[in-house]
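Could you build all of it, start to finish, from the sequences and the hints given here?
For reference, the chains in residue letters:
Protein chains: 2
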Amino acid sequence: MAKKDKQQEFVTQITPRSEDFSKWYTDVILRTDMVDYAPVRGCMVIKPYGYAVWELIQKAFDAEFKRTGHQNVYMPMLIPESLLLKEAEHVEGFAPEVAWVTQGGTEKLDERLAIRPTSETIFCTMYAKWVQSWRDLPMKYNQWCSVMRWEKTTRPFLRTSEFLWQEGHTIHATPEEAQEETLTMLNVYRDLVENVLAVPVICGQKSEKEKFAGARATYSIEAMMHDGKALQAGTSHNFGTNFAEAYGIQFLSKDGKLEYAQETSWGVSTRLIGAIIMTHGDDRGLKLPPRVAPIQVVILPIAQHKEGVLDRARALKAELEKAGLRVELDDRDTYSAGWKFNEWEMKGVPVRLELGPRDIENGVATYMRRDTLEKGTLALDGIAGEITALLDQIHDNMLNQARTFMEEHTTVATNMEELEAGVQTGFVKAAWCEGRECEDEIKEKFNASTRNMPFDQSGMPSDKCVCCGKPAKKLIYFAKAY
Amino acid sequence: MAKKDKQQEFVTQITPRSEDFSKWYTDVILRTDMVDYAPVRGCMVIKPYGYAVWELIQKAFDAEFKRTGHQNVYMPMLIPESLLLKEAEHVEGFAPEVAWVTQGGTEKLDERLAIRPTSETIFCTMYAKWVQSWRDLPMKYNQWCSVMRWEKTTRPFLRTSEFLWQEGHTIHATPEEAQEETLTMLNVYRDLVENVLAVPVICGQKSEKEKFAGARATYSIEAMMHDGKALQAGTSHNFGTNFAEAYGIQFLSKDGKLEYAQETSWGVSTRLIGAIIMTHGDDRGLKLPPRVAPIQVVILPIAQHKEGVLDRARALKAELEKAGLRVELDDRDTYSAGWKFNEWEMKGVPVRLELGPRDIENGVATYMRRDTLEKGTLALDGIAGEITALLDQIHDNMLNQARTFMEEHTTVATNMEELEAGVQTGFVKAAWCEGRECEDEIKEKFNASTRNMPFDQSGMPSDKCVCCGKPAKKLIYFAKAY
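Going down the list, the sequences are from chains A and B.
Heads up: the first sequence begins at 10 in this note's numbering, then just goes up one per residue.
Heads up: the second sequence begins at 10 in this note's numbering, then just goes up one per residue.
Among these hints, one or two may not hold up.
Claimed, not checked - Here chain A is said to cover these stretches of chain B; the calculated rule only asks that three of the stretch's residues, wherever they fall, bring their Cβ under 8 Å from a Cβ of chain A:
1) 54-62
2) 232-241
Stated by the list, open to error - Only pairs whose alpha carbons sit at most 25 Å apart, straight line, appear in this in silico DSS-like list of lysine-lysine:
3) A:Lys-220 with A:Lys-482
4) B:Lys-349 with B:Lys-32
5) B:Lys-68 with A:Lys-331
6) B:Lys-349 with A:Lys-138
7) B:Lys-326 with A:Lys-75
Hints in this document: simulated from the structure, not taken from any laboratory.
Even for Gly, the Cβ is constructed at its ideal location relative to N, Cα and C.
This is the structure we're talking about:
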């Protein structure tokens, strides 16, 4: 059974999840060529296979931003220190992790320039210049760019000094409009993360402690990774007039009064790739959701030296591509079929199609779906439609599996013992007094943080705070988090 | 004629090209909301209308890069000084314009980090790690990102401290393959700039003086702006093994020998937007080539308060969009038709469609094409096909007009007087001895530089160098340049 040995050997290059989840993650991202470490501390190189996933994420998200009335712009990456200092909470939150440019060419700069950690300060400066009247509102802009936060501990996709993201920044005439925008974009995120990435999330509002530096309210979507930890997958902030007052964004209202604009911002980043990997991956490697898989179908010709096999495989590829599918034909003759099976399973391609002389004779192809590892046959006649339907089934199954996992790993706690036990393996719903002290104590004792307060606040497990026992005010999720 | 007065007043907000070309350019880019100045020295804010052009350029170029076998990646924006120093010519060329990060958070860095002015150094470092055998070759990667060059004199799109671009970096096993790649990508640029942006270019090789810092050979496409100056619109470099030797990019050849990889790089940037504006624009403002115009057709309902007009206009918009066209319906009732005509002409929308009650009665729409300002009528029945064809005609006409302009403003010089006269209004073809001294003298005297040596070297106007009179070796273009 030389073949089986080889498979075995191949698979053991990835540490099992149960043995060491963190090492499993590193093995997977490096072995599948998603990413590599860069020769700059805390930075990553996104390799073609990883970047292709990001491009598909961008495409889906950008289309939805445009459909909801947003336009893309590009703001400079450098921000003068004086601009950054205008909003006190904001600078306090970000200053410790800013990379500073102090020299330009041969010239020592009079004022330090920050590489943007986020661009509220520069958007606000421009909005203050651009807005005069209520007629100019709303302005709903977004940019795709990289940002820099000088992190001490880093891990590719999850937390790096530089990462890619989008940041939407909007200004509105009324608080109601700003709040509607904030929640609309949170819902856009939820929809895309669930229905494109097949990653289920919980939606809600962040605590005062966990909200964005300078925001009046922050909302988040939180996903559960396979080790039970939370990953904040996207945030949407309502700033009220907080930044507008600091940066002087004023407009003449319909009534002829000078008013401050209401502002929002929202963002997702290459973290989403980390979320995909840690939600769906297994001991064989990646399991990519079909809608962002760079390769949705890999065709493996069997006995490809035999007459007609490669030609038929090429025709099959062309037919599937014509139907809009992303297809790879692996006709390398330097690797065995067994090796290739493992390789493409590890790379998480949703559907494998084998096509050999006997298949062709019978007018079928043999498929294997990566999510369940089930095999079957499909008639070559009309196969594109069948595969398209199969990919949708795979998406649905992956989303359902992940949702079931999340539900099974979410517990309810009414005391600190239950809370401690629950956060070892997943999310914990608990009643909370809204006190910062309780959040700090739980963080200190269990290394767990509040994730968010769900919009549906019904079903409070207790009328007392899980930590201090005082009257509870909010239902909130606790978890260990990335 | 109050209407005419208003039009006149509106148009005079743009300085005529003949009066002050530089001021015309600034008026156009600011008045049309392409760009704004940023609160950071030498940087620009790309506004929605300008960024939408960039997105369309990206889409066209990226598709062609992929079709020619390239994959996208993302490399970190910061480069440790020690990496930058490895290739002597390269660092000499770029060091004077590098922005340096010296502080990360609260920590003073041991080693300065450059914000990438270009990414050869980091690509080379990764390639050295990734390549082992000839089987790994070629590697053909590209990235879309922003780069930073600390410029003293800046102008939006043409020369700014930060700009957006793509940089392709490839490594190959043989010099022949690298040279083929270099010229293939030059040709891809020529094809796209001419057939998508409608900007004609001359192709050729740069002189030793003008080539990229660290390249063995640099090739360029050069466009002629409406003031007769050259704009380098794209470059493609063959590095030979120059960087590979400095960075240790070695591979085991088929014969089992350790060899250095052959390398290329090539790039275009947001400069292309400047090229579009200064090639096609006129005293009314922008004239956008249809294939990258964010709005290809603007529909102006006439007497839109009358029953049925707006409904029919909306149906027309939907029909055109269904045919894949980018359409705006300007139904603002706060502006006069005359004001709107001027606005959309200034913004360079290729086709204007007017639709009033009488048009609808007659089953037609009245069009105006921006390139010639000609008006006519089109039957509403089957209009999408007609407009699609019209946009192609407009593209062809814009390309032809620009090509004719370039030809009419290209002269031949056999002496310095003719050269001096020629570079006042356009390009000059001349014979050249290949001496750096002659390039320097011409730059000093006439502020003109060599642009490139065309591949077709036939038709040398003289066997003596236009400057020193020594035997001529090359036919080359001279021009004043952006």
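Verification of the hints:
1. Only residues whose beta carbon comes within less than 8 Å of a beta carbon in chain A count, and the stretch 54-62 of chain B has 6; three or more means the coverage holds.
2. A stretch counts as covered by a chain when three or more of its residues have a beta carbon under 8 Å from one of that chain; for the stretch 232-241 of chain B and chain A the count is 0, and the coverage is violated.
3. About 18 Å separates the Cα atoms of Lys-220 of chain A and Lys-482 of chain A, which keeps this hinted pair within 25 Å; it holds.
4. Only pairs whose Cα atoms come within 25 Å are accepted, and Lys-349 of chain B paired with Lys-32 of chain B is accepted, the gap being roughly 24 Å.
5. Between the alpha carbons of Lys-68 of chain B and Lys-331 of chain A the distance comes to roughly 20 Å, so the proposed pair stays at or under 25 Å and holds.
6. For the proposed pair Lys-349 of chain B and Lys-138 of chain A, the alpha carbon gap of about 24 Å is at most 25 Å, so the pair holds.
7. Using a Cα cut-off of 25 Å, the hinted pair Lys-326 of chain B and Lys-75 of chain A holds, with the two alpha carbons roughly 17 Å apart.
Violation of the numbered hints given earlier is confined to hint 2; every other hint is satisfied by the structure.
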